[in-house]
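Asker: If you want the building blocks of each chain, they are given just below.
Number of protein chains: 2
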Amino acid sequence: MSVPKLTYFAIRGRGELARLVMAAARKQLDEVTVDFACWEEMQPGTTFGVLPTLEVNGKEYFQGNAIATYLARENGLYGSNNLDCLMIDQIVQLKEDILTVEINTVVGSDQDKMSALKKLVSDVYPRTMKIFNRFIHENPANSGFVVGDKMTLGDLAIFEGTQSCFNSDSVFLSGFPNIMALREKVAAQDGLKEYLARRKTLVPIHSFLYTDI
Amino acid sequence: MSVPKLTYFAIRGRGELARLVMAAARKQLDEVTVDFACWEEMQPGTTFGVLPTLEVNGKEYFQGNAIATYLARENGLYGSNNLDCLMIDQIVQLKEDILTVEINTVVGSDQDKMSALKKLVSDVYPRTMKIFNRFIHENPANSGFVVGDKMTLGDLAIFEGTQSCFNSDSVFLSGFPNIMALREKVAAQDGLKEYLARRKTLVPIHSFLYTDI
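First to last, the protein sequences are chains A and B. No gaps in the numbering here: position 124 of the first sequence is 124 in our numbering, and each next residue is one more. No gaps in the numbering here: position 168 of the second sequence is 1168 in our numbering, and each next residue is one more.
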């Protein structure tokens, strides 16, 4: 495989899971950063009309989670049997469910934003963090990771899916000790440690939500 | 594997892709149908707080697309190499993007519904149908299917992802001949032919959208 090229905005959003996979694999990822201000003009000329895209061997692919899963399979970070892969896939999709509501807290009318924020705090965060925490607890390997005894895409998806919650309300998240322990284990891995040290700027994107870009 | 048990509402929604996979594989799928009227009361007592769920060997899993992908892998309906799997995954996620907007046309305030409908007709359908059509056209195997020379989860996801559009405006969809030909090929497969003959009731869920349940 040639060095894959990720094209996305300078935010975590739907590109971050792919970046985390490549950092964890200590593999090179070329990145093209698109300026939000230019996107509207660029969009009609793009292949899919949405970002991120990944170019592999001259061909373009899209859908952030499909891209991250491809890169995870390519680098030995997926499950080793079908049920483990199902567990990882459901975690990746739960991360997406969280992100969708988080995005809704910062776009649209003020009323839409408030409604999304209420849903995030009263429903999505409590429900999904409980599921993540339980999944880690119920891993038969009892490794602190969510599937088997080594780090996989599932752990990276929990790390990324809990990141905005952690930035915004770490006291709330500390009520889920398995998540907090997993976050520490993931952040200490070679490759990720160096990547996360570079990704350090906290930017408020809402009165409640903070992001690191 | 014991017979898997799918729990969901009596709609296509996020359960249908799993049903199509099992019909195509001619495998038994136990189904538990939840009444919408009972859901609010049931919800707090459920494992994940959302449907569908799949029970396999006594353990519950969730997320419709993760479930369908697991069943596809179990039954030889996934890709045969990593890039084919990426192609299939991005199609499954594109189907989800369409469904999300379709759902928004039937829930929320009248203003929200109208806004989603406008987005569906002016952006989502034209853009996504063009992508599906092109993917089928560009399959090097030139099989009429979207990946390789036999039917996979990718074809089932295109079939399902274009179903509401087909029900509602088949004239518009006929502008995408590769999709129409794929829909015919898929619908003619053993197992699916019989399943689709049973799934015949067209129900209007909106002035524009029709569903078969």
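Worth flagging that the hints you see were computed from the coordinates, not collected in a lab. Beta carbons: idealized from backbone N, C-alpha and C, even for Gly. Among the clues, some could well be false.
Derived coverage of chain B by chain A (criterion: at least 3 residues anywhere in the stretch with Cβ under 8 Å from a Cβ of chain A; other residues may be distant) [stated by the list, open to error]:
id, segment
1, 1048-1056
2, 1080-1089
Keeping only pairs whose Cα atoms sit at most 30 Å apart, straight-line, the calculated DSS-like set for lysine-lysine is [said to hold, decoys possible]:
id, chain 1, residue 1, chain 2, residue 2
3, A, 119, B, 1059
4, B, 1130, A, 59
5, A, 119, A, 5
6, B, 1005, B, 1027
7, B, 1005, B, 1118
8, A, 130, A, 5
9, A, 113, B, 1119
10, B, 1185, A, 130
11, A, 113, B, 1185
12, B, 1005, A, 59
13, B, 1113, B, 1130
14, B, 1113, A, 59
15, A, 118, B, 1118
16, B, 1027, A, 5
17, A, 119, B, 1119
18, B, 1005, A, 113
19, B, 1150, A, 59
20, B, 1113, A, 118
21, B, 1119, A, 130
22, A, 118, B, 1130
What the simulated footprint calls covered on chain A by chain B, stretch by stretch (three residues with Cβ under 8 Å from a Cβ of chain B suffice, anywhere in the stretch; the number is not a length) [to be verified]:
id, segment
23, 47-57
24, 90-96
25, 163-169
26, 177-191
Asker: So which hints don't hold here, by number, going up?
Answerer: Hints 5, 7, 8, 10, 11, 12, 14, 16, 18, 21, 22, 25 and 26 not satisfied by this model.
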